[in-house]
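**Q** Take the given structure of chain A and dock chain B to it, following the hints.
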Amino acid sequence: MRRMLGQIVENRMLFLLLLLLILFIVFSLGVPGFFTFYNLTNMTQYGVELGLLALAEMLVILSGGGGIDLSVGSMLTLVAMVIGVLIGRVGFNPSLSILLGLLAGVGMGYVNGVLVSYLRILPLIVTLASLYIYKSLALIVAVDPRFGPNPMPVSNFPETFYFVGQFRVGGIPFQVLFIFIPVILILWFLLEKHAFGRYLYGVGSNETAALFSGIDVRRVRLTVYTLAGLLAALSGWIITSRIASARPDIGLGYEMQAITIAVLGGVNIKGGEGTIGGVIMGVAIITLLYNGMQLAGIHQIWQLGSLGLVLVGSVFLNQALLARRKF
Amino acid sequence: MWIAVLLILFFSYFLNSRPLGRAIYALGNNPEAARVSGVNLARTTLFVYALTGVLVGFAGLIYVARTGIVQTNTGTGFELEVIAAVVLGGTSILGGKGTVIGSLLGAFLVGIIKNGMILLNVPALSEGLVIGALILISVVIDVIRARGERL
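Those protein sequences? They're chains A and B, same order as listed.
With numbering that gives the first Met the number 0 as the guide, the letters of the first sequence map in order to residues 0 to 326.
With numbering that gives the first Met the number 0 as the guide, the letters of the second sequence map in order to residues 0 to 150.
The set of hints was computed from the structure by calculation and includes no laboratory data.
Treat the hints with caution; some may be incorrect.
What the hints assert, rightly or not - Quick partial rundown of chain A residues pointing at chain B, CB under 10 Å, derived from the structure:
1) G65
2) L69
3) L130
4) I132
5) S135
Glycine residues also receive a C-beta, built at the ideal position from the N, C-alpha and C atoms.
Next comes chain B alone, as it looks inside the complex:
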């Protein structure tokens, strides 16, 4: 828990206020413009992927510490669930848009839905149905809002 809080604070600061953090957004928004303004594209990309590895490492550490069991198939299927959470949190799949807090809320949302459905005694089978519908609804709202801005 405290590890997560620390990481969230650190990365919120990092993405918003450090040159490298801004470079990541710039890269996602317009690679060509970012290159012209002096962002090293290859190095920034490399950094982002390496950082993903570090964060996944933390996740693995916490997971093992929490469950106390190590299985070889731990984490199977996580990638899609995580993408869903991040998309729900408002990150643009095209890159260049999104916040740490948004992703956190997205992850919480997915977690709470799963937990709530168990507590409400809804069969686990329809979990996917709800998550899928939620993704679609959130995106459709996004599309409608974007249209409103343009008009």
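Just chain A, with the same shape it has in the complex:
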């Protein structure tokens, strides 16, 4: 029994899996309507959007050197607005607009990356500044001169645009099957099987050692921030398609959620440590909690608080047990 407990504690994945299972069983037994195919798949729609951001955050934090990206929420908003305005107001071809939106995300991430890696400014400051800048740009883009000087949401999309966010294939949401799972697989391949992953973990855990072993630290960081921009852009596209509207305030507060999920998933905030599996578990736990509490009719006031408690509690428990085991 004690050995089993020890194993669970040492293996973050197992610990999170156990937490997930407990939550799942509690909600399934206690909340009517939770354990239905519709609800469970519906939940994943929300999970995808948060999950993409959390993966972006994971990559950036892994790269070390104080790596953090506060601007993912703003990038998401700006991409959503770019796509929305191009399709809904300018009347561009949807595919072209989406492509341009994703490119905008890549560009924003690239700018962050250049500032962090080549100008050597601290990531927290760079992304704090770009959080403001991208958010402001999203508001400016959202202004429709025909309706006065205020930013307006865009919602007149063609029917085909909703495909990604609202359609289901065999009952499973399209974006889970054709965006989220491929993204996970590609990232998993990059991190676990490709040299890039080794470089990234190397840079994150010991920058000097990585530099001396011939890794181009700056390029690795630049790549990571650019990837974060792309992932945020994907998330922005999916949200816009799901809620059928591009709103200039949609990404507000997402950066904090993404960071908490990454940390819950076992990513070391100092870099170099963390796995995709852990982050996926983190996303699942948070999504499950949100959904379960919503269905249980727990008032919104209590939801944020209990979420924070679960986060602090799980990290504390993990650390406390780990510390006890060491002695």
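**A** Below, chain B alone, put in the same frame as chain A:
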């Protein structure tokens, strides 16, 4: 206003001349060295966070007294704006560097920019653009200056 002046005077003195104030700087500069020279790391950290709570309490008090309205979402988004102000005021994000006066000037700067932009009739939408650009510029200047010192 007078509360702020009192607090500023007190904390300038406190940070520069009291042992605990110096301990905070020491902790931020080099935790290991601070520990060796007899600073209680856990207690100092605890003290700093508790003090933050006290100061936020003052801010809340003043805010309510000024606006006369209490809303549950008051203060949403303040954390990032405050970090921006403090960074502008020259506090090192890595810790161990920064002054009360600098932070005050940083906060004034952000406040004045917001106010000035309204008076100049610049759309509020581009407020973030200016603040973001300002943070970047101030940091880039800092980086360039640091390089000059090293050479």
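**Q** Where does the structure disagree with the numbered hints, that is, which hint numbers, in rising order?
**A** Hints that this structure does not satisfy do not exist here, as all of them hold.
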